[in-house]
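Participant: One-letter residues, chain by chain:
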Amino acid sequence: MRVILFTWEFPPRIVGQLAHYVNRLAVELIKKNVDVYVVAYHDSWVGIHQGADGVKAYRISDKVKPQINILTWMLSLNQEAERAAADIYYSVKHEVNLIDVYDWHLIPAAVTLKKALGVPFVFSVDSIEPHRSRSSGGSLSLSIRSIESLGVSEAMRIIVKSEWMKQELKRYYNAQENTIDIVSACSATWTDEVLAIYEKGLKVSVN
Amino acid sequence: MSRQLRILMLSWEFPPRTVGGIAAHLFNLSRELVKLGVTTYVVTCDFPGALEREVVNGAHVVRVDSYKTPSPDFATWDSLMNVNLQKEAATLISSLSRQVDIIHAHDWLVANAALGLKHVFRIPLVATVHSTEMSRRNGLHTDYERMIHQTERWLSHESWRVICCSQYMSEQVRRIYGLTQDRVKVIQNGVDSSVYEQEFERTKFRKRFASPEEKIVLFVGRLVYEKGAQILVGAMPKILSRVNAKFVVVGEGGMKDSLMQQVRNMRLTHKIMFTGFLDEESLRKLYQIADVCVVPSLYEPFGITALEAMAAKTPLVASNSGGLSEIVEHDRTGTKVHPGNADSVAWGVTKVLLDSGYANWIRHNAYQKALEVYDWTKIAKETKEFYERILQEYDGGSWKPT
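Here the protein sequences come in this chain order: A and B.
The first sequence begins at 922 in the numbering used here and counts up one residue at a time.
The second sequence begins at 32 in the numbering used here and counts up one residue at a time.
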């Protein structure tokens, strides 16, 4: 199996917990014979780089500077994510099984890649906008919610870390019960669980 | 080359959604490309009452949800609109089994969608740069403007080649985006003169704007600084001291209030009419009954208004700036005046209004030029050849997916 992980943080760029989480997942998946590429944002360290742990990280940077807010920034960065994913896709003779997208930042790219190349995606939800901007009904926050909603409706599977988040996705984005899986990062077998979800999802999507 | 060409155009406007000049450009170009056997798709924003999918003069038009949730500002809205535009264009290209040869983007407003599509499908991208942020704003003063400028630059650099509608624009684009000469191709804008040939009751229509003894001086354009309506208004007293005329100003924009104040200060409100936006049919008729059309722009990448006047056989007074200076030959196809100079505009307008022999001479020559040079069939042929040349290069390279 070959997967691409989309994340806006990956070591050495560490914003929150996500960078370490994605890195650990990539390393563990490689041990289980999955060919893993990570497409991640980095301001200056761009291009493809394979570490000793076998992770192939393809770092992308924004081509447009300055930006006026996080949305214009992310939405132009998405084009670079598409370029990186397409470069991987064509270099491995179209054999990419799925993309696993961490949070909303690169959802638009994943949706286009699904429509264009038929590569499905998993939406891995760490946090959602209604919680991050709890009191904000501002237009920027509403726009981010619309992207999260797009991710929920277009994803092959959705992975969350708790039953609570599962209920929140159902409440805010009308997510379907049977599309959401819970994987606790505290579980000893969590990478097996993620892999099983990939396989289950692909089986359903192929059928 | 006998290859069956398939082109996908991306634009934020296509009739009936008409904001600026790109809608008309695409409407005409797509129709003429279809006549030349080019399969043409246009993916664009939706519009109330317009069909999601329809065939317009042979071109397949797909209108996508232009994103209706409130956005903080225009540029952010545009980014979000591009998410939908790209998603639907990707779906369309897939449904056509990727049988699209060229993606053709019009201006920065569709840059995001175009760039992503280029890479995921590995289809050559071309862009027409209709105008630049640097010129629209007369410099780059804020991060907002710099962001748009950098987006234009990115789009230009990612394009196989860039099309500009005038030599003036081509030089500007090369200079401000740092493109080499071989990357920029000039293909003129066009005009459809047949739309100015319909019959109507001229006297009755004219009464809506002026009394029979008044000459009509027409201005068409957005009421923004660079279009120069304030220069024409400034020329009113001098013109009116020699000719009885009515000034008809068509268009909207941020300067409307200050223009009206300028007129009130001169006590000339009875000599000018601000029509606001006019429907297309009325505008076409207005061109035909006007005694002179004035294009006093300080900056003009191309000057479509001048072309419309030429096609409608309206004598033209235009400032010697940007793309206009290429269209208008002084004393032959129009009267050229100094940009930003009200006295010069007054001189030009008075000359045309008082000398009917001269007015007929420039009117006739301008019409012939519109037919011969700014003909959409000719422009579509040049565009098709341009596409074919790019495809030859693309076919010979290794970027093309196998």
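Think of the hints as simulated: they come from the structure by calculation, not from any bench.
Every residue gets a Cβ at the ideal spot worked out from N, C-alpha and C, and that includes glycine.
Be a bit skeptical, because a hint or two may be false.
Unchecked claim - Calculated lysine-lysine pairs in the DSS-like style (CA-CA distance at most 30 angstroms, straight line): (1) K238/B with K344/B; (2) K216/B with K986/A; (3) K287/B with K99/B; (4) K984/A with K302/B; (5) K246/B with K287/B; (6) K1091/A with K952/A; (7) K431/B with K977/A; (8) K246/B with K235/B; (9) K344/B with K287/B; (10) K216/B with K984/A; (11) K99/B with K986/A; (12) K977/A with K953/A; (13) K977/A with K1121/A; (14) K344/B with K246/B; (15) K216/B with K431/B; (16) K99/B with K1087/A; (17) K977/A with K1124/A; (18) K977/A with K1091/A; (19) K412/B with K400/B; (20) K412/B with K431/B; (21) K1014/A with K431/B; (22) K400/B with K984/A; (23) K953/A with K1082/A; (24) K382/B with K302/B; (25) K409/B with K216/B; (26) K1091/A with K382/B; (27) K246/B with K99/B.
Claimed, not checked - Which chain A residues face chain B? A few, computed with CB under 8 angstroms, are given here: (28) R934; (29) S982; (30) P987; (31) N990; (32) L996; (33) L1038; (34) L1063.
Participant: Looking at the structure, which of the earlier hints fail to hold?
Facilitator: Numbers 4, 6, 18, 22, 26, 27, 28 and 29, in rising order.
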